[in-house]
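Let the sequences and hints guide you as you build the complete structure.
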Amino acid sequence: MTHSRIRIIAGTGRYTDPWHPFAETARCMADLLGEAGHKVEIAESTPEAFTELTDTDLVVINCGGNPEVELAPEPIWQQSFQAFERWLGSGHPVLGVHAASNAFPDWPAWPELLGGRWVRGRSHHPPRTEFTFKVPPAGRDHPALGGLTHVSVLDERYSELDVSADAVPLLQHRFDDKDQVMAWALQRDGRKTVYDGLGHDAQSFASADRRRLLTAEVGWLLASD
0 MTHSRIRIIA GTGRYTDPWH PFAETARCMA DLLGEAGHKV EIAESTPEAF
50 TELTDTDLVV INCGGNPEVE LAPEPIWQQS FQAFERWLGS GHPVLGVHAA
100 SNAFPDWPAW PELLGGRWVR GRSHHPPRTE FTFKVPPAGR DHPALGGLTH
150 VSVLDERYSE LDVSADAVPL LQHRFDDKDQ VMAWALQRDG RKTVYDGLGH
200 DAQSFASADR RRLLTAEVGW LLASD
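Every letter in the sequence shown is one number past the one before it in numbering that gives the first Met the number 0, and letter 181, counting from 1, is 180.
Hints are computed from structural coordinates only; laboratory data are not their basis.
It is possible that part of the hints are untrue.
[What the hints assert, rightly or not] No more than 20 Å apart at the CA atoms, straight line, and that leaves these computed lysine to aspartate or glutamate pairs for DMTMM-like:
1. Lys-38 / Asp-54
2. Lys-133 / Asp-178
3. Lys-133 / Asp-176
4. Lys-133 / Glu-159
5. Lys-38 / Asp-56
6. Lys-38 / Glu-23
7. Lys-177 / Asp-161
8. Lys-133 / Asp-161
9. Lys-38 / Glu-51
[As the list claims (entries may be wrong)] Here are the computed distance ranges between Cβ atoms for each label pair:
10. Ala-71 / Arg-211: 37 to 43 Å
11. Glu-73 / Asp-224: 33 to 39 Å
12. Glu-34 / Glu-69: 37 to 43 Å
13. Val-68 / Gln-202: 23 to 29 Å
14. Pro-20 / Glu-67: 14 to 20 Å
15. Ala-205 / Arg-173: 21 to 27 Å
16. Asp-224 / Gly-33: 23 to 29 Å
17. Asp-165 / Ser-223: 19 to 25 Å
Backbone N, C-alpha and C define an ideal beta-carbon position, used for all residues, glycine too.
Below you can see the structure in the form of structure tokens.
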């Protein structure tokens, strides 16, 4: 599991937004995962970042999307996404972080690959606060949690996400009289996926719980079953 090669794709250009410091959070994750023994590189969200993956064991998607900008499909991007889908189809894992659920509006397959999505016009979040997310019963003992029963962190609480029925919820919070899934794990078609809704900015990674969660998620994604 150690010394695995991880690429963190940080949102720029088409796949950034006005609210998230993607370079900052990518560096936080790279430092943490490097300390855990992995070989980590940060790549900007260019077409090449999704295609040149011969020596990569795990891709972390740390990108977003601006709902005020309509993205027309571009051939170079469609080709890159198709290449990435083939890479995933060969059994490689992917981790989507925070705004990744709202990324790639021009890539119809992305929500299915991730196991869910932010639904524009429906999904939302209350103001960012210190909060303790709970592990729901369905997620207890999942190895992607590393034994965590809760995560206390200063972050946003994404709500009303669309989550695939076969995803295992890892974290949740209560809002609008509903249990809101904040993170999930998915095993489908011979590959693993995790979506982790935490990680708005560097303050999120100041939490020991949050750092432990990310390390455990990556460990599970890279582990051989």
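Right, here's what the structure says about each hint:
With a C-alpha separation of about 11 Å, the suggested pairing of Lys-38 with Asp-54 holds against the 20 Å cut-off. The suggested pairing of Lys-133 with Asp-178 holds, with an alpha-carbon distance near 10 Å, which does not exceed 20 Å. Between Lys-133 and Asp-176, the direct Cα distance comes to roughly 15 Å. Compliance with the 20 Å bound is thereby established for this hinted pair. Among the hinted pairs, Lys-133 with Glu-159 is consistent with the structure: their alpha-carbon atoms are about 17 Å apart, no more than 20 Å.
Of the pairs offered as hints, the one joining Lys-38 and Asp-56 holds, with about 10 Å between alpha carbons and a cut-off of 20 Å not exceeded. Distance hint between Lys-38 and Glu-23 is fulfilled; the C-alpha atoms sit about 18 Å from each other, no more than 20 Å. The suggested pairing of Lys-177 with Asp-161 holds, with an alpha-carbon distance near 13 Å, which does not exceed 20 Å. Restraint check: the Cα-Cα separation between Lys-133 and Asp-161 comes to about 19 Å, which is no more than 20 Å; the hinted pair holds.
Restraint check for Lys-38 and Glu-51: satisfied, since their Cα atoms lie roughly 16 Å apart, inside the 20 Å limit. The hint said 37 to 43 Å for the Cβ distance between Ala-71 and Arg-211, and at roughly 41 Å that hint holds. Between Glu-73 and Asp-224 the beta carbons are some 37 Å apart, a value that agrees with the proposed interval 33 to 39 Å. About 40 Å separates the C-beta atoms of Glu-34 and Glu-69, a value consistent with the hinted range of 37 to 43 Å.
Separated by about 26 Å at the C-beta atoms, Val-68 and Gln-202 satisfy the suggested range of 23 to 29 Å. Between Pro-20 and Glu-67 the Cβ separation comes to about 18 Å, which falls inside the hinted range of 14 to 20 Å. Range check, Ala-205 to Arg-173: Cβ separation about 24 Å, and the 21 to 27 Å hint holds. Between Asp-224 and Gly-33, the C-beta spacing of about 25 Å keeps the proposed range 23 to 29 Å intact.
Here the CB-CB span from Asp-165 to Ser-223 is close to 21 Å, well matched to the stated 19 to 25 Å.
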